[in-house]
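Taken in sequence, the protein lines are chains B and U. Once you know that position 330 of the first sequence is 1415 in this note's numbering, the rest is easy, because the numbers rise by one and skip nothing. Once you know that position 212 of the second sequence is 1297 in this note's numbering, the rest is easy, because the numbers rise by one and skip nothing.
Source of the hints: derived by calculation from the structure; they are not laboratory data.
Copies of the same chain look alike in the list, so a pair counts if it fits in one copy or across any two.
Below 25 Å or equal to it, Euclidean Cα-Cα: the simulated DSS-like pairs (lysine-lysine) are:
id: 1; residue 1: 1324; residue 2: 1305
id: 2; residue 1: 1219; residue 2: 1456
id: 3; residue 1: 1096; residue 2: 1636
id: 4; residue 1: 1469; residue 2: 1456
Just so we're clear, the structure is a prediction, and the values are computed from it rather than from any experiment.
Number of protein chains: 2
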Amino acid sequence: MRKLLRVDMAKGTCITEDVDKQYPNAGGRSLTSAIIAAEVNPHSHALGASNKIVIAPGLLSGTSCVNSGRLSIGAKSPLTGTIKESNVGGTAALYLGKMQIAGIVIENLPAQGSLFSLLVKTDGAELMPADDLKGLGNYDLVEKLKEKYSDRVSIISIGPSGENRLSSATVAVTDPDGRPCRHAGRGGIGAVMGSKGLKAIIVDPADAPGVTIHDRAAFKNASKFLKNMLVESEYTAPKTGEYAKYGMNLIMDPVNDLGALPSYNYRQGQFEGVSKINGKALYNTIKERGGKYNHSGCSTCIIQCSNVYVDMEGKYVTSSLEYETLFALGSNCGIDDLDALAQMDRLCDDYGIDTMETGCAIAVAMEGGVKSFGDANGAIELIKEIGKCSPMGRILGSGTEVTGKAYGVVRVPVVKGQSMAGYDPRVIKGLGVTYATSTMGADHTAGFAAVFSETDRDPKGKARMSRDSQNLMGFIDTIGICFAVTDVAKQDNGGVESMANMVNATYGWKKTMKDYIELGKNVLAMEKEFNEKAGFTAKDNRLPEFMRTEKVSPNNTVFDVSYDEIDEVFEQ
Amino acid sequence: MRKLLRVDMAKGTCITEDVDKQYPNAGGRSLTSAIIAAEVNPHSHALGASNKIVIAPGLLSGTSCVNSGRLSIGAKSPLTGTIKESNVGGTAALYLGKMQIAGIVIENLPAQGSLFSLLVKTDGAELMPADDLKGLGNYDLVEKLKEKYSDRVSIISIGPSGENRLSSATVAVTDPDGRPCRHAGRGGIGAVMGSKGLKAIIVDPADAPGVTIHDRAAFKNASKFLKNMLVESEYTAPKTGEYAKYGMNLIMDPVNDLGALPSYNYRQGQFEGVSKINGKALYNTIKERGGKYNHSGCSTCIIQCSNVYVDMEGKYVTSSLEYETLFALGSNCGIDDLDALAQMDRLCDDYGIDTMETGCAIAVAMEGGVKSFGDANGAIELIKEIGKCSPMGRILGSGTEVTGKAYGVVRVPVVKGQSMAGYDPRVIKGLGVTYATSTMGADHTAGFAAVFSETDRDPKGKARMSRDSQNLMGFIDTIGICFAVTDVAKQDNGGVESMANMVNATYGWKKTMKDYIELGKNVLAMEKEFNEKAGFTAKDNRLPEFMRTEKVSPNNTVFDVSYDEIDEVFEQ
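Construct the entire structure; sequences and hints are all you get.
As structure tokens, this is what we get:
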């Protein structure tokens, strides 16, 4: 039986159900979104009793499939007001999959001010008072919990920002080294977990039965196909691939070359300090100092895009320093100091706050005159204000939109209240369409409609391209496969089909690839319906005004995909 | 010719047009909303170059009609994102009407950081650098300007909160005593004026030709009818009426008796400290100390609901201390100290920040643990933070919704981002419908659907009642008549018709009462269309969740007018 664990924070109970009774065949994002859509009043306050958190490994998580360690965490978002699925790596998805736990649902609110931790074992779960954990940063918290439980557990937790219900608060998941450095960053799910008074979930996989594979031979074949594809790619090849070397930051140079690297609060598309923070700079610094590249951030990963950043003495600072962090806190704030950026990343992970939202919020605050662009120490001070939860910290921690409002700033790069990612939509227009139309607010992983060539600047066909990519991601996020895999394993080379074949082999289904794309589409439809009930319409699928009026250098282009076309394509 | 004065802040030009060419027969709210709807992109940022401010006296302003001194100020609101007409008294509407200036339109943005004042005279207008006025509170500002120009000008101005583009910033207008104590409070129009770099408008009525009355005899008849009606009412009778004695605070006792007085952030409907801040307490305190009740806040007013509040030494503190201020900063924050409340009112007027939005924001901050309910000194400190524009001040000054977000508070009494007025919608349900459906966010003056009896608690017919009341206000706000007049002069006693007759007599029109109600309805339709283009739908016409789930004592009722009924009635 694939289990659904329902945890009632008001009653203090943990109940196990058969997930397939109510939500047949659902997993990952298709499960989180189904439960939020069916059980949460779209008009409710995201931090109120009616909201729920759903934590669900993908359908392939727990199997031996490569890069299948992704966890979906869903809720109504306090940042965007939309439904939200925030996706995270680490070790929890693998363990939950092996434990045959398809989902954990956190419901209701405990007595005000109380704090709990949840221990999830193969044979049951238990809520425990956690007053001793109050206010702890994720790093100290995890040390304390590992001492108590063991190194073999996975920990899903919030830092002080989640406890303080800041709209950009994350949910951290420990990586294979046991560090709380993998974050479901977007949309403030950490604040929802804080509102529920849940500080940490300890997932202990001891005695896990593992996933029962219906057709082992078929699974093995498909699994081998996908693995080979990754092994043979120059990007994803283990140890020698570009990702293994430069991590996700591999992308900074091509983005800068295209003129799409957001710099100075999306004022420029190229950053003069790029060579100090790009993939090579990161790789060289880590290598020189004896840190780690080619590091595993998620269970079953063979791409190894993670890294461990160390200081000049070789001491651990943070893991993993990634592109989206380096753009948001780096070029977008005019900061080109890797050590400072690593320190900021560490602070954000410890407080449990989204580096992307925080970077964009700080850039908007800089635009509002709070600090100067390029002031690395100033940015570190501001992040520490978030940790202290001072009024300044509450402004920044509430996200880019609130920061813009508080400082009367007009250039605020958000859609549906969520900040954009590291690709200027005036240059990579397919991503502009994704930012505008995603059910999650401005989100690049929702549909990475980019090819990194001049054609990205052509508005033609980008609505359709984004739509197809978003539908595909509805499937990918459901099965628990890493987003980076889709860089190599595509629909036209059998890569995606091999994933579908593995799902069929695991569960004994006979679905076609078309069925699975339909499934992805249905996930999005479900999410869209929730958002519509919450009051969102096509009119919310718009980029901020300045993206259509202000040209970004050096291409001097604006976002000019017609909204009529966008609305039309997304109606289909 | 009724003139429209267009002031371009980018070019520094002032151009006069014939208003009737582009906006025939429009005045007050029908002019502000027509211009915003026609000329402002609904998707634009409220503080960006595309927004405009329109300042328009009502159609009867400038005539001798009693209580016709209301000024409409319109823009896209930075607080709500909707179209906004904020209505204010003082002397400006009379003067502009006499100068035959139907509207002033402030367009575009000047160079960043520059500040101007605008001198409007009968024969033309002029923009002047105003760096010397930077950062001044409204009181010092007005003193300085009166010294320079004379006591006979009317001054429309912003305080530091407007300069700092806070979403709750007001536009102040001087009263007949020349004090900046009349405020277009709602919706943050002061922030828009701040974004335009316009610190003050000096309206000098010297040599004003006055309004040409087409049919003097008919005007006199109708004017006399309305005046008599007010003179004969126990509420509005000059000098002896209830309003003259207790001002708008007359209403606190009946609201409290009904159980609709918002107390402790809308947790209770009755306030145990009511007798210390109600109409009688205010009247007695003012009388004892030699302040003024029966005071005129607006030109041509005979009701005299204003007052001058003095301290124990008889020294001026503020004018006018009104019900909405006393509920918002008083009962709603658990504060029952009149002197403290008068000080808060004075501070808010000086900084140029809405007392209603600020009171509700402070109550939400109290709910979030920033201060304790009832802490008057704490509340004063918080308001001073707004004046300093510290991070805390920026949170509170950005309004109740942002404050709720920053502090993770679930009980946030706003609709479309604007805080509710001093009538709990779970008890006075007609006002609940107005809060929900008004084109302006939660606003009581948009349609005062209350009768102050038990029937207010009955959900039946309230959607229709609010709708009719809102349509009527579309007309009232167009002609510049004070909201309080409609308490006595109604549609079923000829009062409203006398106003229509005056408009006909003034302009030589032959419109029927039905035409004028249709006019009011059209104003709302225009506003609704703007909001729809901006992305608002019927789904935004909702009260916050807790108003439907949490019973308010002592009636223990929730807001239960069905949204189906509301949507249906407002579709007609």
